[in-house]
Amino acid sequence: MEKVLEVKNLAKLYKNGRGVKDISFDVYKGDVFGFLGPNGAGKTTVMKSIMGLNMFESGEVKILGFNIKTQFEKALGKVGAIIETADAYEYMSAYNNLKIASRFYSNIKESDIDEILEMVELKEFKDEKVSKFSLGMKQRLALASALLSKPELVILDEPTNGLDIEGTVQMRNLIIQLASEKKITFFISSHLVHEIELMCSKVAIIHKGKLINSGEEINNIKEKYASLEDFYMDEINKRRLKS
Numbered sequence: 000m001e002k003v004l005e006v007k008n009l010a011k012l013y014k015n016g017r018g019v020k021d022i023s024f025d026v027y028k029g030d031v032f033g034f035l036g037p038n039g040a041g042k043t044t045v046m047k048s049i050m051g052l053n054m055f056e057s058g059e060v061k062i063l064g065f066n067i068k069t070q071f072e073k074a075l076g077k078v079g080a081i082i083e084t085a086d087a088y089e090y091m092s093a094y095n096n097l098k099i100a101s102r103f104y105s106n107i108k109e110s111d112i113d114e115i116l117e118m119v120e121l122k123e124f125k126d127e128k129v130s131k132f133s134l135g136m137k138q139r140l141a142l143a144s145a146l147l148s149k150p151e152l153v154i155l156d157e158p159t160n161g162l163d164i165e166g167t168v169q170m171r172n173l174i175i176q177l178a179s180e181k182k183i184t185f186f187i188s189s190h191l192v193h194e195i196e197l198m199c200s201k202v203a204i205i206h207k208g209k210l211i212n213s214g215e216e217i218n219n220i221k222e223k224y225a226s227l228e229d230f231y232m233d234e235i236n237k238r239r240l241k242s
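Under numbering that gives the first Met the number 0, read the sequence shown as residues 0 to 242, first letter to last.
Simulated from the structure, these hints should not be mistaken for laboratory data. Beta carbons are placed, not taken as given, at the ideal position from N, Cα and C, and that holds for glycine. Please note that the accuracy of each hint is not assured.
[To be verified] Okay, derived cross-link-like pairs now, DMTMM-like style, lysine to aspartate or glutamate, Cα gap no bigger than 25 Å in a straight line:
id : residue 1 : residue 2
1  : LYS47     : ASP21
2  : LYS181    : ASP233
3  : LYS7      : GLU151
4  : LYS20     : GLU216
5  : LYS61     : GLU5
6  : LYS68     : GLU5
7  : LYS131    : GLU151
[Stated by the list, open to error] Across the chosen pairs, the derived CB separations fall in these ranges:
id : residue 1 : residue 2 : range
8  : LYS149    : LEU52     : 19 to 29 Å
9  : LYS182    : GLY16     : 34 to 44 Å
10 : ARG238    : GLY51     : 27 to 37 Å
11 : GLU89     : LYS14     : 33 to 43 Å
12 : GLU165    : GLU228    : 34 to 44 Å
13 : GLY16     : SER130    : 35 to 45 Å
14 : LYS237    : LYS98     : 50 to 60 Å
15 : GLY64     : ARG238    : 29 to 39 Å
16 : GLU234    : ARG17     : 17 to 27 Å
17 : SER226    : LYS68     : 35 to 45 Å
With the hints as extra help, turn the sequences into a complete structure.
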């Protein structure tokens with residue numbers, strides 16, 4: 000199978016001693032890959048390093064075979080991402096937000112923007128100001144922006160964080176649908192075990208800056224455990240006993 004994302008021995012440490020060490024995993028075409036861990040475990044640090052927003056001390060990141068350090072533009076050419084915040088111009092319409100964002104890409108037509116708004120179920124609200132949107136609608140608009148580049152890989156940092164039940168279900172179903180119908184590969188971070196279990200096909204778990212596993216099939220985990228939460232807690236407890 001084709002590797003879309005390769006992370007090898009990644010390390011990024013901050014002056015306070017926090018950060019991540021020896022992070023390695025592969026994401027393959029068609030995966031909805033969950034990156035699970037508590038707040039402060041290092042999820043965002045890894046994501047920023049993948050996107051070239053962090054200068055990591057050691058290790059290697061490749062996207063679609065291109066090295067993020069030496070082939071930056073080629074590596075990120077087919078990547079969409081939402082990391083930390085889903086910002087938009089609230090005084091503007093959804094459509095105009097995407098029109099401005101589309102200037103960063105070549106060959107984006109007005110019909111492409113309409114198609115993407117349709118994908119994220121916002122086409123009927125395209126002319127409304129973003130200030131009138133719910134948090135879930137703003138998250139879907141951010142996802143629409145990430146889809147403008149017609150990406151093969153989409154990286155999402157806590158995409159359901161703060162959403163109500165309806166917004167969470169809409170975002171979850173949208174990701175599953177895009178992966179199935181558009182063949183987009185997703186790399187998704189979350190601290191919510193249940194959401195990763197429902198949304199993702201594979202999971203890697205990070206705890207205190209280190210990986211517990213490098214990407215197991217969730218279906219295989221559930222053959223051995225009643226739930227992903229049971230597996231997660233079992234692995235955490237094993238490491239506590241060792242330390």
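Can the restraint linking LYS61 and GLU5 be considered satisfied, given a maximum Cα separation of 25 Å? 5 Å, holds
Does the alpha-carbon distance linking LYS7 and GLU151 stay inside the 25 Å limit? With a Cα-Cα distance of about 20 Å, the restraint between LYS7 and GLU151 holds, given a limit of 25 Å.
Status of the given 50 to 60 Å range, CB of LYS98 versus CB of LYS237: 51 Å, holds
Just to be careful, I want the Cα atoms of LYS20 and GLU216 compared with a cutoff of 25 Å; is the pair within it? With Cα atoms ~23 Å apart, LYS20 and GLU216 stay inside 25 Å; holds.
So does GLY16 sit 35 to 45 Å from SER130, Cβ to Cβ? Cβ of GLY16 to Cβ of SER130: about 41 Å, so the range 35 to 45 Å holds.
Verdict for GLU89, LYS14 (Cβ pair) under range 33 to 43 Å: The hint (33 to 43 Å, Cβ to Cβ) holds, given that GLU89 and LYS14 are roughly 35 Å apart.
Satisfaction of the hinted span 19 to 29 Å by the C-beta atoms belonging to LYS149 and LEU52: With Cβ atoms ~22 Å apart, the hint holds.
Starting from the hint 29 to 39 Å, judge whether the C-beta atoms of GLY64 and ARG238 obey it. Distance hint for GLY64, ARG238 holds at roughly 33 Å.
Taking 17 to 27 Å as the hint, is the beta-carbon distance of GLU234 and ARG17 inside that range? Hint holds: Cβ distance 21 Å, inside 17 to 27 Å.
Cβ separation of LYS182 and GLY16, checked against the hinted range 34 to 44 Å: Holds - the Cβ-Cβ distance for LYS182 and GLY16, about 41 Å, lies within 34 to 44 Å.
Does the beta carbon distance between SER226 and LYS68 stay inside 35 to 45 Å, or does it fall outside? At 39 Å between Cβs, range holds.
LYS131 and GLU151 were given as a pair; does the straight-line alpha-carbon distance stay at or below 25 Å? 31 Å, violated
Against the hints set out earlier in the document, violations occur for numbers 2, 7 and 12.
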